[in-house]
Each structure stands twice: as C-alpha cells, then as structure tokens.
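Residues 0 to 237 (numbering that gives the first Met the number 0) are what the sequence shown spells out, left to right.
It is worth saying that the hints were derived from the structure and are not from the lab. Possibly wrong hints are sitting among the right ones.
[Unchecked claim] Think about it this way: if two alpha-carbon atoms lie no more than 20 Å apart in a straight line, the pair counts; the simulated DMTMM-like pairs of lysine to aspartate or glutamate are: (1) 64 to 40; (2) 64 to 49; (3) 200 to 168; (4) 200 to 150; (5) 116 to 70; (6) 115 to 99; (7) 209 to 168; (8) 200 to 188; (9) 115 to 63; (10) 162 to 192; (11) 116 to 131; (12) 162 to 136; (13) 64 to 86; (14) 53 to 63; (15) 162 to 152; (16) 116 to 99; (17) 48 to 63; (18) 162 to 131; (19) 128 to 152; (20) 162 to 203; (21) 53 to 40; (22) 48 to 86; (23) 162 to 150; (24) 116 to 63.
[Stated by the list, open to error] If you anchor each label on the Cβ, the simulated ranges turn out as follows: (25) 207 to 185: 43 to 51 Å; (26) 158 to 66: 17 to 25 Å; (27) 66 to 44: 34 to 42 Å; (28) 185 to 66: 34 to 42 Å; (29) 185 to 32: 20 to 28 Å; (30) 132 to 30: 45 to 53 Å; (31) 154 to 214: 46 to 54 Å.
Computed from a predicted structure; not experimentally measured. In this text, a Cβ means the ideal position worked out from N, Cα and C, and glycines have one as well.
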Amino acid sequence: MKFGWKQTIGLLAVIGALAASPYYFPKIDLKIPTTVEELLDAGMEAQQKENYFKARELFSRAIDKEPGNGEAYFLRGSAELHLNYLDRAIKDFSRALQLDPSLVNAYFNRGAALAKKGLYKAAVTDFSKSLELRPNDVEALRERGLARQNDGDRFGAIEDFEKAIQLNEEYALAHLNLGLLQIEMNLVEDGLDHLNLAVTKQPEYLENFKAPTGCGPVWNQSTQEVVMESSSCSSAQD
Numbered sequence: 000m001k002f003g004w005k006q007t008i009g010l011l012a013v014i015g016a017l018a019a020s021p022y023y024f025p026k027i028d029l030k031i032p033t034t035v036e037e038l039l040d041a042g043m044e045a046q047q048k049e050n051y052f053k054a055r056e057l058f059s060r061a062i063d064k065e066p067g068n069g070e071a072y073f074l075r076g077s078a079e080l081h082l083n084y085l086d087r088a089i090k091d092f093s094r095a096l097q098l099d100p101s102l103v104n105a106y107f108n109r110g111a112a113l114a115k116k117g118l119y120k121a122a123v124t125d126f127s128k129s130l131e132l133r134p135n136d137v138e139a140l141r142e143r144g145l146a147r148q149n150d151g152d153r154f155g156a157i158e159d160f161e162k163a164i165q166l167n168e169e170y171a172l173a174h175l176n177l178g179l180l181q182i183e184m185n186l187v188e189d190g191l192d193h194l195n196l197a198v199t200k201q202p203e204y205l206e207n208f209k210a211p212t213g214c215g216p217v218w219n220q221s222t223q224e225v226v227m228e229s230s231s232c233s234s235a236q237d
C-alpha cells in the first residue's frame, strides 16, 4: 500500500504521539539478575507472585553459579513442591540438607513432599527432625499428626494435635483435625468440643458441616453449634 504526503505526515504524527506517551512506552528497568544473591532474590519474588516455573528457573541459575549453596537447593525444592514435582523436590531438599543440616525448613518441606507421595513413615521422621530443631513449631506438630494418622497411628496423631493446641490455643486447624479424629475414634463429646472451637475461631470452617451426611458432625442452625447428625452412627473402632 502506498501513502500520499498527507497520509505520511499523519502517520508520522501518530508515531510521534505514541513515542511521547508514557502509556505506550513506559520506563523499563532493564536490570537483569546476575549474581547468586540477585538470582535468589528474584526467584523468591517470583515465588511470592506464585510464578513457580520462573522461580525454579532462577534458582537453577543460582545453583549453576554456586553448586554448594544449600539455600538455593532448598528454594528450588520449594518451587518444585508447589509444582507437584515431588521426586525432584525431595532430591533438592536432600541435597540442601547435605550441604547445610541446619536448614530446618528443608526437613519440614521434605516431610510434606513425602506425605504427598503417601510415604508417611518417612514423613514422620522428617517432621520429627524438624521438631528437634524447632520444638514449638505448631505446624510441624500438626503435619506430623496428620502423617501419623494416615499411617494408622491415631493415638500418636492425637498427641501431636493436642500439643499443637497447648502451644497455640487459637490454632483452629489443629482443633479441626483433632475433633474429626476423636469422633472417628468414638470420642464424640471431646470431638464436638474441638470442632465447635474450630468454627468459633475460623468461621469459614462451617462450610465443612453445612451439608447433611446422614451420619456425622453437622452444623445445627437453631442451636448454632456442631452436633452429631444421627445417634444411629456405628461406633468407630479403636
């Protein structure tokens, strides 16, 4: 297509206006992370924005530059855990701990990855190691309790949930886990107490009990509490 001189002048005017407009040509920070520290910072920023693929790439570049950096392996493993790359995450957490055994979060995250794979005994071991280094970590206690419960150790699970609550009475999720397990074990009165504490501290947990199941805990609108829906439920076996 050919343009006459009038069209050419008009086109140049439009281009000039666009070039002068900050909306079309914003100032761009062209700084590219190059050092290990910059790569780790950029990776953590990407991870905070839930851009886990980008975070993993940046952490990998940091590892290429400094293969002995345990934190870099831990951070890459954390991104991989979010991406559900469980085997890769476990491998990176293990390498991080080889390089720096004090990385308590690497024990916790490796335990989480192992639990997601159904390797509950190994997960319990990692959560226990995490608790050796950080004894008052209520989240590690709750996660170990869940792993114990899934591995068939219900009494060990109750012990962990109760200790987490002793350390933090406001920990609604531990109340929820403990209450559900107690009802499963036919400790109904204690279980309902903890479920009601859970929904009091975190009202959104009510959604778990609004749909009738025919047998189990349910929200009673008239009394404003969690109750057992039916007295004909079969007793749980210890």
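Status of each hint after checking the structure:
For the hint pairing residue 64 with residue 40, the CA-to-CA distance comes to about 15 Å; that is within 20 Å, so the pair holds. At roughly 24 Å between alpha-carbon atoms, residue 64 and residue 49 are farther apart than 20 Å, so this suggested pair is violated. Taking the CA atoms of residue 200 and residue 168, the gap is about 10 Å. The hint holds against a cut of 20 Å. Restraint check for residue 200 and residue 150: the C-alpha separation of about 28 Å exceeds 20 Å, so the hint is violated.
A C-alpha spacing of about 23 Å is found between residue 116 and residue 70, which places the hinted pair above 20 Å, so the restraint is violated. This hinted pair does not check out: residue 115 and residue 99 have alpha carbons roughly 24 Å apart, beyond 20 Å. Proximity of residue 209 to residue 168 is assessed by CA-CA distance (about 24 Å); at most 20 Å being required, the pair is judged violated. For the given pair, residue 200 sits about 19 Å from residue 188 by alpha-carbon distance, which is consistent with the 20 Å threshold.
For the hint linking residue 115 to residue 63, the alpha-carbon distance of about 28 Å lies beyond 20 Å, and the restraint is violated. Note on residue 162 and residue 192: the hinted pairing holds, with a Cα-Cα distance of about 16 Å set against a maximum of 20 Å. For the proposed pair residue 116 and residue 131, the alpha carbon gap of about 23 Å is over 20 Å, so the pair is violated. Proximity of residue 162 to residue 136 is assessed by CA-CA distance (about 10 Å); at most 20 Å being required, the pair is judged to hold.
Between residue 64 and residue 86, the direct Cα distance comes to roughly 23 Å. Violation of the 20 Å bound is thereby established for this hinted pair. Of the pairs offered as hints, the one joining residue 53 and residue 63 holds, with about 15 Å between alpha carbons and a cut-off of 20 Å not exceeded. For the given pair, residue 162 sits about 16 Å from residue 152 by alpha-carbon distance, which is consistent with the 20 Å threshold. With a C-alpha separation of about 24 Å, the suggested pair residue 116 and residue 99 falls outside the 20 Å cut-off, and the hint is violated.
For the suggested pair residue 48 and residue 63, the alpha carbons sit about 23 Å apart, so the restraint of at most 20 Å is broken. With a CA separation close to 15 Å, the supplied pair residue 162 and residue 131 stays within the 20 Å bound. For the proposed pair residue 128 and residue 152, the alpha carbon gap of about 18 Å is at most 20 Å, so the pair holds. For a cut-off of 20 Å, the pair hint linking residue 162 to residue 203 is broken: about 24 Å separates their Cα positions.
For the suggested pair residue 53 and residue 40, the alpha carbons sit about 12 Å apart, so the restraint of at most 20 Å is met. The hinted pair formed by residue 48 and residue 86 fails the criterion: a straight-line CA distance of about 24 Å is larger than 20 Å. Taking the CA atoms of residue 162 and residue 150, the gap is near 19 Å; set against the 20 Å cutoff, the hint holds. Straight-line distance between C-alpha atoms of residue 116 and residue 63 comes to about 28 Å, which puts the hinted pair past the 20 Å bound.
Between residue 207 and residue 185 the beta carbons are some 20 Å apart, a value that contradicts the proposed interval 43 to 51 Å. As the Cβ distance of residue 158 to residue 66 is approximately 41 Å, the hint placing it in 17 to 25 Å is violated. The hint said 34 to 42 Å for the Cβ distance between residue 66 and residue 44, and at roughly 23 Å that hint is violated. Between residue 185 and residue 66 the CB atoms are about 54 Å apart, so this pair departs from the stated range of 34 to 42 Å.
One distance hint, 20 to 28 Å for the beta-carbon pair residue 185 and residue 32, is violated here, with the actual separation near 57 Å. Taken as a hint, the range 45 to 53 Å is violated for the pair residue 132 and residue 30, whose Cβ atoms sit roughly 37 Å apart. Between residue 154 and residue 214, the C-beta spacing of about 24 Å breaks the proposed range 46 to 54 Å.
Hint violations for this structure: numbers 2, 4, 5, 6, 7, 9, 11, 13, 16, 17, 20, 22, 24, 25, 26, 27, 28, 29, 30 and 31, all remaining hints satisfied.
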